[in-house]
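Using the numbering used here, you'd call the opening residue of the sequence shown number 130 and step up by one each time.
Since the hints were derived computationally from the structure, they do not count as laboratory data.
Note that the structure is predicted; figures quoted are calculated from it, not measured.
Yeah, the Cβ is synthetic: ideal placement off N, Cα and C, and Gly gets one too.
One or more of the hints may lead you astray.
What the hints assert, rightly or not - Ranges of calculated distance between the beta carbons of each label pair, as one might list FRET restraints:
no.	residue 1	residue 2	range
1	Gly298	Leu240	40 to 46 Å
2	Ala247	Gly174	34 to 40 Å
3	Asn256	Leu291	19 to 25 Å
4	Gly294	Thr182	22 to 28 Å
5	Arg212	Glu317	22 to 28 Å
6	Glu144	Thr258	29 to 35 Å
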Amino acid sequence: MPVRIHETAQIALGEILVYMKQTNFISYDQLHLLAGVVSGATYTGFVGPYAGTVKEPDALVRVRRRPQLWPIWVAEVGWSESRPSLDRDIDIWLRGTDYMVLLTILLKYDLRMSSTIAGYIIFYTQNGTRINRREIFPAPPNPIDDQITFTREELFGDSLTLEPGQAPGDTYTIDVSVFRSFATEYAELMGLTPVT
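All chains, full assembly: derive it from the sequences and hints.
Next comes the structure, spelled out in structure tokens:
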């Protein structure tokens, strides 16, 4: 059942795209080609063991005028869902799309005693490689532990035409503190305190 904290994925992904533009990792024209960050979209057409599955990701980024059916990024947020259920969701977005989704993000939050909340994030690349888990709550003592670096190719594949000065191997670092900032705000709206 969605709760307010589910909204943080959509807001954080939008903020990341803005940061990418502000740091010139993507151009204005490339940003314009991204159909924004949306939620509430229903997807069918999965393949293999997931044929017949219907999914509504908590947030996604897709490319306008892209011939493929699938978004390039998908985020799933877990609150009451079990970890095995969330792992299945990730597998649906990877194998069930024949690995057309480039980046799948799992955000998992857990209610603890005394109205506190813990949480973590895991990124999965297109080939199903799991990027190490990063803590949202509690925040890591070393800020470098909040950073995850991806190549342009991992983030956008061939969905955005390279512009002069851009290369597939260019790197961009996503800072998990973006997710933490919005999660803190929404946890407080729910009357919860992040675990420290």
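> Cβ-Cβ distance between Glu144 and Thr258: within 29 to 35 Å?
Replying inline: 24 Å, violated
Quiz item: Does the Cβ pair Arg212, Glu317 satisfy 22 to 28 Å?
Solution: Holds - the Cβ-Cβ distance for Arg212 and Glu317, about 25 Å, lies within 22 to 28 Å.
**Report entry** Status of the given 19 to 25 Å range, CB of Leu291 versus CB of Asn256
**Finding:** 21 Å, holds
That 34 to 40 Å hint for Ala247 and Gly174 (C-beta), does it hold up?
-> 35 Å, holds
TODO: Mind checking the hinted window 40 to 46 Å against the Cβ distance between Gly298 and Leu240?
DONE: 41 Å, holds
Starting from the range 22 to 28 Å, see whether the pair Gly294 and Thr182 falls in it by beta-carbon distance. Violated: the Cβ-Cβ distance is about 41 Å, outside 22 to 28 Å.
Consistency with the previously given hints fails for numbers 4 and 6, ordered from lowest to highest.
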